[in-house]
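Sequence order for the protein chains is A and B. Number 574 marks the last residue of the first sequence (the numbering used here); no jumps. Number 501 marks the last residue of the second sequence (the numbering used here); no jumps.
In case anyone wonders, no lab produced these hints; they're calculated from the structure. Please note: incorrect hints may appear among the correct ones.
[Claimed, not checked] Pair by pair, the computed Cβ-Cβ distance ranges are:
hint: 1; chain 1: A; residue 1: Pro-288; chain 2: B; residue 2: Ser-194; range: 44 to 54 Å
hint: 2; chain 1: A; residue 1: Ala-414; chain 2: B; residue 2: Gly-269; range: 35 to 45 Å
hint: 3; chain 1: B; residue 1: Ala-27; chain 2: A; residue 2: Arg-536; range: 43 to 53 Å
hint: 4; chain 1: A; residue 1: Ala-511; chain 2: B; residue 2: Phe-275; range: 22 to 32 Å
[Stated by the list, open to error] Computed list of lysine-lysine pairs in BS3-like fashion (alpha-carbon distance at most 25 Å, straight line):
hint: 5; chain 1: A; residue 1: Lys-118; chain 2: A; residue 2: Lys-235
hint: 6; chain 1: B; residue 1: Lys-159; chain 2: A; residue 2: Lys-525
hint: 7; chain 1: B; residue 1: Lys-437; chain 2: B; residue 2: Lys-366
hint: 8; chain 1: A; residue 1: Lys-119; chain 2: A; residue 2: Lys-235
hint: 9; chain 1: B; residue 1: Lys-22; chain 2: A; residue 2: Lys-525
Glycine residues also receive a C-beta, built at the ideal position from the N, C-alpha and C atoms.
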Amino acid sequence: MTPLPYLQFLHASLPQVALDVAALIVLFTDLAIRKKSLRLRFSVATAIASAGCIVAIVLLLTAHSQVNLFDGMFVTTILSAHVQVAILALTIVTLVLSIDSSFTEHVGEFVVLVLLAVTGMMFLVSARNILITFVSLELLSLALYSLTGFDKRRPQSAEAALKYFLFGGISAAFLLYGFTLLYGIANSTNYAQIGAAVGASGLTPLVVVAMVTSIIGFGFKVAAAPLQFWAPDVYQAAPNPVAGFIGSSSKVASFFAFFVLMTSCYGAVGGSAAWENVHAGWVPVVAVVAALSMIVGNLGALAQSGLRRLLAYSAIAHAGYMLVAVVAHGADSLGTLLYYVTTYSVSVLGSFAVIHVVEESEGSDQLIHFNGLSRRAPLLSMCLFVFLLSQAGIPPLAGFFGKFFLFAAALRGADGSGLVWLVVLALAMSAVSLYYYLQVLKRVYVSEPPEIRGRLRTPRQMLTVIVLLAVVVVLAGALPETLVRWFGMIV
Amino acid sequence: MLAYTIYISFFGALVVLLMPKGSRMAIRTVALLCAIAGFALALTAFVQHGTGELTTVALAPWIPSLGIHYHLAADGITLCLVLLTGVVAIAGVLFSWNIEQRVNEFFAFYLLLIGSVYGVFLSYDLFLLFVFYEIVIVPKYFLIAIWGSTRREYGAMKLAIYSFVGSAMVLVGLIAAYVVAGSHSMDLAALASYRYPLHFQMWAFPLVFTGFAILAGLWPFHTWAPTGHVAAPTAASMLLAGVVMKLGAYGCLRVAMTLFPLGLSSWGFHVLGFGSWRDVFAVLAVIGILYGALVALVQSDFKFVIGYSSVSHMGFILLGLMTLNQIGITGAVVQMISHGLLAGLLFGVVGRMLYDRTHTRELGKLGPMNLSRALPFATVTFVLAGMASMGLPGFSGFVAELMILIGAWRVSPLLAIGVGLGIVTGVAYVWRAMQKAFFAEATTIIDPHPPAPITLPEKLGTGLLLASSIAVGLYPQMVLRLIAPALNTPLFSGLHGGGW
Numbered sequence: 084m085t086p087l088p089y090l091q092f093l094h095a096s097l098p099q100v101a102l103d104v105a106a107l108i109v110l111f112t113d114l115a116i117r118k119k120s121l122r123l124r125f126s127v128a129t130a131i132a133s134a135g136c137i138v139a140i141v142l143l144l145t146a147h148s149q150v151n152l153f154d155g156m157f158v159t160t161i162l163s164a165h166v167q168v169a170i171l172a173l174t175i176v177t178l179v180l181s182i183d184s185s186f187t188e189h190v191g192e193f194v195v196l197v198l199l200a201v202t203g204m205m206f207l208v209s210a211r212n213i214l215i216t217f218v219s220l221e222l223l224s225l226a227l228y229s230l231t232g233f234d235k236r237r238p239q240s241a242e243a244a245l246k247y248f249l250f251g252g253i254s255a256a257f258l259l260y261g262f263t264l265l266y267g268i269a270n271s272t273n274y275a276q277i278g279a280a281v282g283a284s285g286l287t288p289l290v291v292v293a294m295v296t297s298i299i300g301f302g303f304k305v306a307a308a309p310l311q312f313w314a315p316d317v318y319q320a321a322p323n324p325v326a327g328f329i330g331s332s333s334k335v336a337s338f339f340a341f342f343v344l345m346t347s348c349y350g351a352v353g354g355s356a357a358w359e360n361v362h363a364g365w366v367p368v369v370a371v372v373a374a375l376s377m378i379v380g381n382l383g384a385l386a387q388s389g390l391r392r393l394l395a396y397s398a399i400a401h402a403g404y405m406l407v408a409v410v411a412h413g414a415d416s417l418g419t420l421l422y423y424v425t426t427y428s429v430s431v432l433g434s435f436a437v438i439h440v441v442e443e444s445e446g447s448d449q450l451i452h453f454n455g456l457s458r459r460a461p462l463l464s465m466c467l468f469v470f471l472l473s474q475a476g477i478p479p480l481a482g483f484f485g486k487f488f489l490f491a492a493a494l495r496g497a498d499g500s501g502l503v504w505l506v507v508l509a510l511a512m513s514a515v516s517l518y519y520y521l522q523v524l525k526r527v528y529v530s531e532p533p534e535i536r537g538r539l540r541t542p543r544q545m546l547t548v549i550v551l552l553a554v555v556v557v558l559a560g561a562l563p564e565t566l567v568r569w570f571g572m573i574v
Numbered sequence: 002m003l004a005y006t007i008y009i010s011f012f013g014a015l016v017v018l019l020m021p022k023g024s025r026m027a028i029r030t031v032a033l034l035c036a037i038a039g040f041a042l043a044l045t046a047f048v049q050h051g052t053g054e055l056t057t058v059a060l061a062p063w064i065p066s067l068g069i070h071y072h073l074a075a076d077g078i079t080l081c082l083v084l085l086t087g088v089v090a091i092a093g094v095l096f097s098w099n100i101e102q103r104v105n106e107f108f109a110f111y112l113l114l115i116g117s118v119y120g121v122f123l124s125y126d127l128f129l130l131f132v133f134y135e136i137v138i139v140p141k142y143f144l145i146a147i148w149g150s151t152r153r154e155y156g157a158m159k160l161a162i163y164s165f166v167g168s169a170m171v172l173v174g175l176i177a178a179y180v181v182a183g184s185h186s187m188d189l190a191a192l193a194s195y196r197y198p199l200h201f202q203m204w205a206f207p208l209v210f211t212g213f214a215i216l217a218g219l220w221p222f223h224t225w226a227p228t229g230h231v232a233a234p235t236a237a238s239m240l241l242a243g244v245v246m247k248l249g250a251y252g253c254l255r256v257a258m259t260l261f262p263l264g265l266s267s268w269g270f271h272v273l274g275f276g277s278w279r280d281v282f283a284v285l286a287v288i289g290i291l292y293g294a295l296v297a298l299v300q301s302d303f304k305f306v307i308g309y310s311s312v313s314h315m316g317f318i319l320l321g322l323m324t325l326n327q328i329g330i331t332g333a334v335v336q337m338i339s340h341g342l343l344a345g346l347l348f349g350v351v352g353r354m355l356y357d358r359t360h361t362r363e364l365g366k367l368g369p370m371n372l373s374r375a376l377p378f379a380t381v382t383f384v385l386a387g388m389a390s391m392g393l394p395g396f397s398g399f400v401a402e403l404m405i406l407i408g409a410w411r412v413s414p415l416l417a418i419g420v421g422l423g424i425v426t427g428v429a430y431v432w433r434a435m436q437k438a439f440f441a442e443a444t445t446i447i448d449p450h451p452p453a454p455i456t457l458p459e460k461l462g463t464g465l466l467l468a469s470s471i472a473v474g475l476y477p478q479m480v481l482r483l484i485a486p487a488l489n490t491p492l493f494s495g496l497h498g499g500g501w
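One chain only, chain A, in its complex shape (with noise of 0.2 Å):
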């Protein structure tokens, strides 16, 4: 037996064990610093978090080896690296957006639960072994759950927290049972001799089981319909950084790892979705499952009082179309997919900071108090506008152009055009949403604000973070060039 090589594994995972390192630093700094004000603590710990991620992401960027450890349980390449930087790069804006939070006092805690996440995201995208999957899927959603929880004073929050805790954990269990009939076919827990398994065995009534289990893990973490019922409640209890977070990075890693695992694990039982042509495999289940989130979360959306429940039924239906990329899995899906969910939480993240400075003025999420928004923080209403608006796939923002890349790509995917009822569907429901988005826009704009309020009063620092994302939104749109030529070669 040859010696493992964990020198090797320290220095290919030294990004991990940065964040790491943060936490730990974070942790203790906070703990000599926790009779100040809560603001600096929050400012300590974020500086001390995003050096951390930007350490990583300088590592990932340099790191030029493409390593495969123990039998592919660690994994790097090109692709990952640049996801795993995607998904920094999101975690260093949340953690910049919580800086002016008053949810907690534990500081230090939150912080490291949330690097402890990252760590859990990043493992997630770079391994290629169902093992390393379900460990650092359970890393990510134990650190998600606990965040969730995080807001004492609300017991919704801990309301929340409880169910997603035990829809997570059943969804988890169902996980793991399928992976543990994986490992009974091709006895390993490669991907790669899994795929070689399932191909040789063919669809047996096995490896359905291992599939469709597989499809409801992954589906409960990128909250696709039927698994969504936790969302609406976590998006609206959570702290609010901690509801961007689920919203962004989150997604980012669970659509990569769902894409890759669906793609070499099940790539030869397939199927078809294509109409009038469907074949029996996990494309037309997640076919099914795509179709049904864009029903369901834009029908939902549009019954919603709040904005943080309008934009959990809105991240549904969102699952829904980055699933029809799932669904197509051609040469260029992954890319249009990673296009979408990337720029889709950009402008996610920046939905949760409008509403957390309304709710920190108003105190709540109500839709009503948005009104007159545009008189009261223009520059405030002007983002909320893009980044509704994008989410409504109106051009020239990345909103838009997401869609028009991932459904060109769709039809030109294994199943060729036709997918096109898949499209229609989407771009139907995406009619519906722009119904919903423009509900709340008219609240911005058209009504009259309450009498007796001034003007919002807008931390600088967020206000800067957030037309920083808004200016992303739309030249991610407006110029998407750069952003589909790098998609193509990191992919």
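Model the placement of chain B on the given structure of chain A, informed by the hints.
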């Protein structure tokens, strides 16, 4: 230079947004200057451009890895419509001179709308065209929802959703066309020269055509139009009826019919007497003409009369397109211009001159106000515009409707009879509205608060629109010389197959 129509409008939108809220006069002036600049550029191009053939205005790589270019080009049809946009844009600013509330936002949305409309007309890359086409939806919504009147939020939302559904249909067709043609290019000429399989064109054509036609007020998808027009502030309804509905008709002609000409061919079987999509859309267009005219005949709200008359007039355009002969399609383009000018004028009279002064649009209430005495200018304007829109010789409407009538006759006398009935009903509803609003039995009581006199900006706007309509009516060659060569370019070869 023509590309600057877009840039000036967008830049102007930014400038008025950043101007201090109090300086209303300055904001209006900037908006007016932007509109005039756009008009001047359009006019220069219109005059200089003798042949009407396609010329590239701007071409730069945009997303080269997907074959998408920033490609603006103009042919004769484009030039006419760009000039129309310029005229209506100026008139719109002049007719919204009295906006007092949130002025800078109003003109920012206004200029954003104008810029995108220019963009749609000038785009030659379909991705770019679609981008501009969808941007239009946003300012339209806010212009109506914020500054509108009767049921403005409902009207605005209805309009936005209808437009968005239409554009979603278009997007499906465009993405499919792009992928089927090999994903190399979104250029109109490149896609139009690709030979799509017949079965593909058979579903893609009705999808894209209907998608665009929703915005052109095709019956039975027209219901957004009357409510939207009624709810909109004057300038927005002028733009809406004047140019935005033309975007739909333009898209039908420029995109749906050039990309999928075989979609118009015969199915090979008959359902309820329909043998092709062409039959279906032609009949829907005629229904639109008659339905719009008949409904306009019984409205009591003055703006609804004009709103439904727009549906009727837009039906002429769609019918003209479905004749598939040169005279019919040319007539359709002339009708786009004509209706753009006249609808703008009619909405200007009803929305600005009457409603802003009397605060009512009920024909029954306007009658006793003795408006022909109180507001003689408005009366004369309405009489002239009404005559023009009935198709009186000397005005643009006559030329357009005559050409469409001839075109329709060549296809089927039955259609032409439908059109004729529509024209007659058109005379009736204009006459009725004119009679009820302006020349009703005048009460002898003198109104103690006579309406404010017509202002100079209103007179200028009126003059501009009327003069344009008369110019086209008296000298149609002005636009025909540009339209004919444009229709003979290879772009339309799928329709005429080498010669009309």
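Task: Hinted pair Lys-22 of chain B and Lys-525 of chain A, Cα distance within 25 Å - done: The hint holds at about 21 Å.
Open item on the list: With the threshold set at 25 Å, check whether the alpha-carbon distance from Lys-437 of chain B to Lys-366 of chain B stays at or below it.
Closed with: holds, 9 Å
- [ ] State, for the Cβ atoms of Pro-288 of chain A and Ser-194 of chain B, whether the hinted interval 44 to 54 Å holds or is violated.
- [x] holds, 52 Å
Task: Gly-269 of chain B and Ala-414 of chain A - C-beta distance against the hinted 35 to 45 Å - done: Given range 35 to 45 Å: holds, Cβ gap about 38 Å.
Open item on the list: Between the alpha carbons of Lys-119 of chain A and Lys-235 of chain A, is the straight-line distance 25 Å or under?
Closed with: Holds, at about 20 Å.
Open item on the list: Next pair to validate is Lys-118 of chain A with Lys-235 of chain A; report whether the Cα-Cα distance is within 25 Å.
Closed with: Cα-Cα ~19 Å, so holds.
- [ ] May I ask you to test the hint 43 to 53 Å on the CB atoms belonging to Ala-27 of chain B and Arg-536 of chain A?
- [x] violated, 29 Å
Task: 25 Å limit on alpha-carbon distance, applied to hinted pair Lys-159 of chain B and Lys-525 of chain A - done: Holds: Lys-159 of chain B and Lys-525 of chain A sit about 13 Å apart, inside 25 Å.
Open item on the list: Between the beta carbons of Ala-511 of chain A and Phe-275 of chain B, is the distance compatible with 22 to 32 Å?
Closed with: The hint (22 to 32 Å, Cβ to Cβ) holds, given that Ala-511 of chain A and Phe-275 of chain B are roughly 25 Å apart.
Of the hints listed earlier, the one the structure fails to meet is number 3.
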